[in-house]
Amino acid sequence: MMPKAKFMIGNEAIAAAAIHAGVSVAAGYPGTPSTEIIENIKRLGQDVYVEWSINEKIAFETAYGAAISGGSGLVAVKHVGLNVASDPLFSSSYTGINGSLVIVSADDSSMWSSQNEQDNRFYGLHALIPVLEPYDVQSAYDLTMKAFEISRRFHHPVIVRTTTRIGHVRSRVVYSDDHEPQRGRVVKDPSTYVLAPENARNDRKKQLERWHSISDYLASLCSYDPGEGDAIIITGGISYSYVRETLDETGIHANVLRLDATVPVPEKTILKYVNGMKRVLVVEENDPVIEMQVADILLKNGIMVEFHGKDLIPMEGEMTFEKLKGGLYTFYGMKYEGSILQDEPLTPRPPALCPGCPHRSSFYDIKKGLSRVSMQNSFFSGDIGCYTLGALPPFREQDAATNMGSSLGISNGVFRSTDAVPVAVIGDSTFFHSGMEGVANAVYNRTAELIVVLDNRSTAMTGQQPSPSTAIDIGNVCRAMGVEYVETFDPFDAESGEKSIQNAAEYVKNTGKPAVVIAKRACALEVLDKIDSETPKAYVDQDKCTGCTICYNFFTCPSILPLSNKKATIDDSCIGCGACVEVCPFNAISVKGEKPVGWDEAWNA
Amino acid sequence: MERINILLTGVGGQGIITMGKMIGNAAVNAGVKVLVAETHGLSQRGGSVQVHIRIGDVIAPLIEKGRADFIVGLEASEVLRNLSYANKSTVFILNRQTIKPVVPSVNAPDIDAVVEKLQAFSYYIVDGEEMAKDAGNPKGSNAVIIGFMLGMGFFGKIPREAFEKAMITDLNRKCLNAGYSQALTAKNNGGSRPAITR
Ligand code: SF4
Ligand code: SF4
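Those sequence lines, one after another, are chains A and B.
To get the working numbering, take the position in the first sequence, counting from 1, and add 1.
To get the working numbering, take the position in the second sequence, counting from 1, and add 1496.
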């Protein structure tokens, strides 16, 4: 082993550990805060097969397939992505594997970029899969290595659970880059891997046996910092780092037990360290997963202690010093004086679509097109992607967006209960992730809805990963599934965009069948990535501009700013896409400058 | 080593994550422990972004509210959105730039309005935009501000060479040096609350 050190984020540390541990097949679907794991394996793991799968279920099954063949597989997804893969997740625990299978669940406590902050350690309890929880960036490396080792040793999947402040924290990490990818060979063992009832019942017995031996083994995966007194703090994950620093700083000499495996909490360990203690405080981020298990162990063994957890440490949001100290000080009969100052923002600042984003033009075209047929107040069934930002003013074209692919199912229900034709808005990557089924359902069950696919040729929000739309034509997919009305338009061509929307909406109203309209133009950031030279710039002719406010209040490209006389001006952030030119009713905007080499090709990729 | 808590605030796309990386790399170059907590994903699309930098004897990644030693506004008004991280000895470093939020009928905040709210604190205003342009790197205001903070001695014992090494390009190094000399001028002019203008 040749140890090296590098300043890296937790997700890179996990990638480095996976490669070092011999991963040979790695798959995932982009999602914050997990994305950089697969990206880094792609970048660093020369002999590793790495793919962005179409969704998390396929990614899971891909890694699992490698693992049942004796290879080392890794699947990395965000917390809600594991919901999509939950079906094979449970099965993998029944069958076990021949090689190793490590599942990285990157949970987004505080919902920095997610619809919820579900605590995926519950999947471990539910599916009987051990969960290792790093407490800092170095331990993300070490515990990922450990996860591969445990998985191979017990022929059982292992979950590595991170939260945002593990994966997206940068720190110095000592690592090794020695590796030998462990590949598989075809194994035929249908009595294990075909989960027909008879086999499943057999597997169930073996699963429980493995579970018990793993539980015993995990007893060693913890660390105890002895302190003074009869109180013990039991913690795990990122919370440990806050506990340790606070105790060091305040001089409270508590006994601290850190669990590196938080599912299952090993009974032996708890009995060993809680023995003789009178007071217990469990500190963990999000849900009371350690707390419930410890309480259960204490109860079963008739151990009576003063017991605290979520009564003192908030469940909501990520761990912070404020949350920890609030609870910890109360536990020690002290009072935490928090910050006295309040935030005093001058303006709201929600995220916004980028300058030149084709989604902005699409939302603009959709609204105008729909108003031509008095459908501007339709229910907009939205979905997950940059375009979820279409929920914000001035567009307000997302009335629900709850999970990947939700646009099509929800719009069906809205239509059934109201008879009002809804508009489903979904992106290209999301379409392939879990939208196609919804289109099939709309055809099969005859849902009168207008389906707009915003095809920007990439999985944009997570950093422009390539999308299947660059290889598979969405229009052909819809036609093959029986959609009779399929049309494509260029969102930058406002007039034809409005017309396409209008025609499709009329078709839906007249026939009661679904129609698909595809707005096709590449993500602006993807375009900029491909262009080296300077881009053109748009200018406002101050003589022609009347100060009508349309371009900055109704189109809202961030590059267009109001002057004090209400006229518009355009700043340096403009990328010269030209989308605003048609938006101005007074022809005051024009684009100047040469088109760089490859410009049109990049936009129309 | 004593702990230094630096909160970087700004708007997605301004180069705030790069700024965190540069400071982090400098600390690593100097053999000093550092943790940098970044925000990725949706908020990077033109929304408010914070990066927490903790230097020295630290274990946990996020700064405690009320405990930031320095709050940097790459977009000046963003420091006010994070005022709860300040205490009365917190020093603010503002880039002379405000950005209009992408919200209809909401204008860019006025930097004077920001300064007005900071009257009880020490603050510095740096002409990051202009100085970066002069140095030939219009996107280099993050490096200018790092240089300024370095010149003011805000990074403790992390030496200038560690920062120079952390700049990936020569243009960034130029920006760093421009900020550095600006700080020296400011220091010489003295004053308890110098607002730097050119
Ligand atoms: S990343 Fe691409 S899709 Fe997302 S807002 Fe920016 S331009 Fe639009
Ligand atoms: S050309 Fe117009 S729409 Fe495109 S980025 Fe510039 S100002 Fe925005």
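Worth double-checking, as some hints may not be accurate.
Chain B stretches covered by chain A per the calculated footprint, using a threshold of three residues with CB under 8 Å from any CB of chain A [what the hints assert, rightly or not]:
{"id": "1", "stretch": "1526-1537"}
{"id": "2", "stretch": "1540-1546"}
{"id": "3", "stretch": "1639-1648"}
Per label pair, the in silico range of CB-to-CB distance [unchecked claim]:
{"id": "4", "chain 1": "A", "residue 1": "W212", "chain 2": "B", "residue 2": "S1585", "range": "51 to 61 Å"}
{"id": "5", "chain 1": "B", "residue 1": "R1499", "chain 2": "A", "residue 2": "K189", "range": "53 to 63 Å"}
{"id": "6", "chain 1": "A", "residue 1": "K545", "chain 2": "B", "residue 2": "I1664", "range": "52 to 62 Å"}
{"id": "7", "chain 1": "B", "residue 1": "E1498", "chain 2": "A", "residue 2": "D190", "range": "34 to 44 Å"}
Simulated from the structure, these hints should not be mistaken for lab results.
What you are looking at is a predicted structure, and each value in this text was computed from that prediction instead of being measured.
We treat Cβ as the ideally placed atom computed from N, Cα and C, and that holds for glycine.
Results of checking the hints against the structure:
1. 1526-1537: Three-residue rule met by the stretch 1526-1537 of chain B, so holds; n is 9.
2. 1540-1546: Result for this restraint: holds, n = 5.
3. 1639-1648: Result for this restraint: violated, n = 0.
4. A:W212 with B:S1585: 51 to 61 Å: 54 Å, holds
5. B:R1499 with A:K189: 53 to 63 Å: Cβ of B:R1499 to Cβ of A:K189: about 59 Å, so the range 53 to 63 Å holds.
6. A:K545 with B:I1664: 52 to 62 Å: Roughly 43 Å apart at Cβ, these two residues miss the hinted range, so it is violated.
7. B:E1498 with A:D190: 34 to 44 Å: 60 Å, violated
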